Amino acid sequence: MSAILSWVATSGVVQGVIIGASLAFLTTILLLDSVARAETTTVNGWSSIRRAGQPGNGLLVRAALQKALPVVNVFEEAAYWTTSVDGAGKKLSGEQTYRLHFAAGHLPPNDAFWSLTATDTVGYIVSSPTGRSSVDDHSGLMTNPDGSVDILLQSQAPKGLAGNWLATPSGRFKLMLRAYLPGAAILDGSYHVPPVIRAS
Amino acid sequence: MNRLILKYPYPVTAIILLIFAWVVAQRLARGVEGIIPLAVAALVVWLLGTFVFIYFWPQITVGGFQRAILKRGFGGGPVPVNTLYAVPERSSQSALSGSLMAVGTDDVVYVGGWLDLKAGPSVLHVPEMAGRYYSVQFTDPTSGANVAYVGKRTTGTGAGAFLLCEQKWTGSVPGGMPRIEMPHHSALVIGRVFAADDDDRHVAYALAKQIQLTPLDNESRRPG
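Line by line, the protein sequences are chains U and A. Number 275 marks the last residue of the first sequence (this note's numbering); no jumps. Number 289 marks the last residue of the second sequence (this note's numbering); no jumps.
Simulated from the structure, these hints should not be mistaken for laboratory data. As the structure is a computational prediction, the values presented were derived from the model and not from experiment. Note that the Cβ used here is the ideal one computed from N, Cα and C, for glycine as well. Incorrect hints may have been included.
Covered, in the sense of this in silico footprint (three residues per stretch, anywhere, with C-beta under 8 angstroms from a C-beta of chain U), are these stretches of chain A [as the list claims (entries may be wrong)]:
| id | region |
| --- | --- |
| 1 | 71–78 |
| 2 | 94–102 |
| 3 | 107–119 |
| 4 | 203–217 |
Can you make the complete structure from the sequences, with help from the hints?
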């Protein structure tokens, strides 16, 4: 008995188990991330996953989507879009100023509400001492003369349009747009969120 | 610690892989045969482990929420099983505490709880929402799928009571109560009640507190 134990201790089986388990975890992460990417639709830098939280997904897909967006609503209850890049594909940074321009009548169609939130790269809201980290359809956004709406994304208060300011964290950040009870144009895929434009 | 790994996944992974490489190199230095038990064990665990992780990933994720709800709660202490807790703070206010709620949005009052129907059905009570957006989501812990919804989209905004039971439960449903079956005996419950602004938040919170679970037994003893 003690011979077996000492063989287990010295043979490297224990180390092998530890290494195997770690590699299994790493493989799982890489596999699930690539499956989640295949399930993700990205337009104008904004990514959304239609099958998240839905019953009937296979073993790989259900795991991948649970990793990408844990316990989120099904798409017809709430549509989520995230982006960590601007329209040109550059990473979003709090040192830059950005503008999100919704053409007249092109705010996310919905039967409940929409909201836009700035978070750190993991997804946590970063509390901003100066401004809101979230804007929505009931926060009194100013409309341009042509009916369009501009949302200003920057860490410092803008000179004009303060009511349309979304305070961004100082470093790299992520944006999340939600539309609860999304309208038909979102559900049929014809609605696209406009790109985040970096101000020159 | 979790946040550290989430924030710097590549350096953390690189360090772990370097340690493994060093362990293998140490063994190889003593001869190639010495590496065989390690290599075989690593390969078997690698293949089996990958399958196990993928199979159980939804359960591990939802189980994380289960532990967080039952052991830690959302700032008001642990939330007992088969009860719901309405979170008074906004998501952005809970950001500093590193709470689960900090990943949410400020536009809703969140309600959270863990349902377990092993001891019998529960009844979900919702107040009159008068057109206000709300939803109660039931997430199956095995698949991570949202198996049922109560709320504006699915059941409307009127006051109501819904029977929550296991599929195999065969008791009689009290008059007119809709029956909602859970594929397994437990479920994660997440409620959301729309709040337009800080003033409206008080109204929404008062409504969210009235979204409640009661055991079915109590129901039959209710007068009238």
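Quick one: which hint numbers does this structure break? Sort them smallest to largest.
Going through the list in order, the structure violates no hint and respects every one.
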